[in-house]
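J.: Here is what each chain is made of, one letter per residue.
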Amino acid sequence: MENGLDPAPPLLEVRGISKSFGAVRALQAVDFTLRAGEIHALLGENGAGKSTLIKVVTGVFPRDAGIVRLGGEEVAPRSAKAALQAGIATVYQEVNLLPNLSVAQNLFLDRQPMRFGIVREGEMRRRAKALLADFGLDIDVAAPLGNYSVAIQHVTAIARAVDLSARVLILDEPTASLDRHEVEILFGIMRQLAKRGIGIVFVSHFLDQVYEISDRITVLRNGRLVGERETASLPRLELIRMMLGRELAETTSARASEGEHKAREICASFENYGKAGYVAPFNLELRHGEVVALAGLLGSGRTETARLVFGAERADRGQATVEGAPVRLHSPRDGVRHGFGYCPEERKTDGIVAELSVRENIVLALQAKRGLHRPLSRREQDEIAKRYVKMLDIRPPDPERSVGLLSGGNQQKVLLARWLATSPRLLVLDEPTRGIDVGAHAEIIRLIRELCDDGLALLVISSELDEIVTYSDRVVVLRDRVHVEELAGEAIDVGNILAAIAADSVTVALEAHT
Amino acid sequence: MKGLPPVLITAFVLVAGFALCAVQFPNIASTRVVGNLLTDNAFLGIVATGMTFVIISGGIDLSVGSVIGFTTVFVALAIERWGVPPLLAFVAILALSAAFGAAMGAIIHVFDLPPFIVTLAGMFLARGASFLLSTESVPITAPVYSTVSDFALRMPGGGRLTAIAIIMLVIVIGGVLLLRLTRFGANVYALGGGRSTASLMGVAVGKMTVKIYMLSSLLAGIAGIVFSFYTSAGYSLSAVGVELDSIAAVVIGGTLLTGGQGSVIGTFLGVLIQGMIQTYINFDGTLSSWWTKIATGVLLFAFIALQQGLVALARRPVTKRAGATT
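Top line first, the protein sequences correspond to chains A and B. Residue numbers for the first sequence, in our numbering: 1 to 514. Residue numbers for the second sequence, in our numbering: 1001 to 1326.
It cannot be assumed that every hint is accurate.
Unchecked claim - DEER-style ranges, computed between Cβ atoms:
#	chain 1	residue 1	chain 2	residue 2	range
1	A	K195	B	D1112	37 to 47 Å
2	B	L1169	A	D110	29 to 39 Å
3	A	A354	B	K1207	32 to 42 Å
Claimed, not checked - Computed cross-link-like contacts, BS3-like style, restricted to lysine-lysine with a CA-CA straight-line distance of at most 27 Å:
#	chain 1	residue 1	chain 2	residue 2
4	A	K195	A	K275
5	A	K55	A	K81
6	A	K55	A	K129
7	A	K81	B	K1207
8	B	K1293	A	K81
9	A	K369	A	K390
Stated by the list, open to error - Covered by chain B, per the in silico footprint, the following chain A stretches (three or more residues, Cβ under 8 Å):
#	stretch
10	94–103
11	264–273
Because the hints were derived from the structure by calculation, they are not lab data. All C-beta atoms in this analysis are idealised placements derived from N, C-alpha and C, irrespective of residue type, glycine included.
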């Protein structure tokens, strides 16, 4: 409960907010407290519920339960506009302003100074200039906003929000597309606003920046509140532990017995493989019957590595080799041709086709591989679907049901089945256990192990460190888009992975390999 | 919002074209020809002004030609057959066309339908309704018509600035002021920049959509009245395809078909360019008048290519451009 030391109510109080999308519980009884004049970092991995929390508080999504108090009074905005009027403004990474209008029009749209029904352009520009001067900007406010850099657009959006008498300012990944100098400017503005008593919520996955700017940190994980700490008294290692968590320790059996570590054949290898500005060059060997995990924080280059391996992104240097023969991986088609499969993180948008049936989803990749002029007969389709529904225990066991009606775990299995049907040699799984319930979770992990025992090579990305420890033969740790460490065998444990992620200095990449 | 470069190019095309015409036919460079050009294209200038607002807001209005046709028939019948005083007939048809536009705007907003489809339906509806009223051309003999047709301001050099040309110029100037100086105008640009963003920034998107299509249809109604003055008749087949001519004028005038940028002045220049080509063909005497369409088509291609080029340039990664205005 509120302690006696702080008699004034906090600026923004969020209590017991819950929100579900269908069967997925995106937020479960989350609390969040923002005090006036503080910069409060809201952290968590992808899918932790940060965005959902922001959208629920600002009325973009309706909430299932919980209350929001602003300055002690309960508020329930129904739209972003209503939230803005109440005094809660959000500036998203994608600036929500109009690039075709002038800077001044953007600042004063729908509230321009008027005289006799005519916009007082000169007065508006003068005010715009004065407003931006407060933020240290001296630019031509008559020029279209789109002419300016993203940093200036961000500052303009913040200036507009503050001028609309915002008391709470939510900045969602504001620094993602800014360079170092621009970040400095933005931080200067944030500190100045905080001094004025505005409460700022700072969402970011750049931990250095979080430590530089924030007074307090709240961490979410899997839709739940992990904790709220003061930044100064929270060591980085502890913060990462909070973000990546350790809950799942008891769910699955130990790693495959060490006795099976025969000399495994190399399935695919990547030498000095990379793409400028995407992932630093790395060396990676994937062997049959082996699980290699990619660990790291959001934005560290895990998914980027996976996309390069599959061919979804084209590498600009290095050589890929499959079963000893050099190959080119310039498109997903190339990947599929060489027997690769890829289950992306965003199941809903990049993976399943919700309207199609389980059967149609399963045969999709196989059909694409065969080509359109060699259609699979309905009987073959039925057989394949039945086989995988049984093998992966997809429930309900009805191949004709729309995939959209299945639970997250079963959708994930359908996606797995799709690639297994193409008999791949290498399967890339990006966050295979994201957004599925604990029971299905354990089952997916068991499946990963089984597939691997059948000789498949697996590359798995996961934010769940315990999970990684459970099934991996090797773990590649990434930080800031560089492969910084590779752990194998006994060295794989949560502590070592965390230490590698949290290591402060930028170590030279790939010492383990070359 | 200074969409100047494309407009400047339009102006250059107009001046250069006019100079070329004048070299070949020195008589073209007279106030007489210019006056006729304004008169002949008065109705087009009026609808194209309305179309500019619609296109800048990110929409399109295909119904305007049909609204002009309906207006001429309605006005002719009201005055000649039903004995309605001309002024009352004008007020009635303007109210009717404004309501028609408002209804289309409301449907577009409420049902979130593409403007192309809704105004296409409006186009068939208005054209069909005018046939329902009369399939034949109805001549208008009311005295107002001869008075207005005879009225003209003398320009130096013997040119006549007719009443309908004056109406058009007034509407163009009004359109420029409305778009440039008012909150309504700023909101039109805002809608073209992004509907959902504009809505988040506090623009009443629904109301604006209704008003914009209402304005377009209202101006189409005025263009219809002007057209009836021009031909002294009401005919259900008049102004077929004018919606496309006006879209062409808007695009040649430098307005982005995807919305967000453009100007009424540019549209006016676009109308003049089309009129100039028509005038040249008349002077030549041997060319088919369909060459107007061919020339317009070529110009359209050129301008759309130009705009795509400019858009591609604007999309190039911006580095530091603080303080840059050009």
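J.: Against the earlier hints, flag every one the structure doesn't satisfy and list their numbers going up.
T.: Hints 4, 6, 8, 11 not satisfied by this model.
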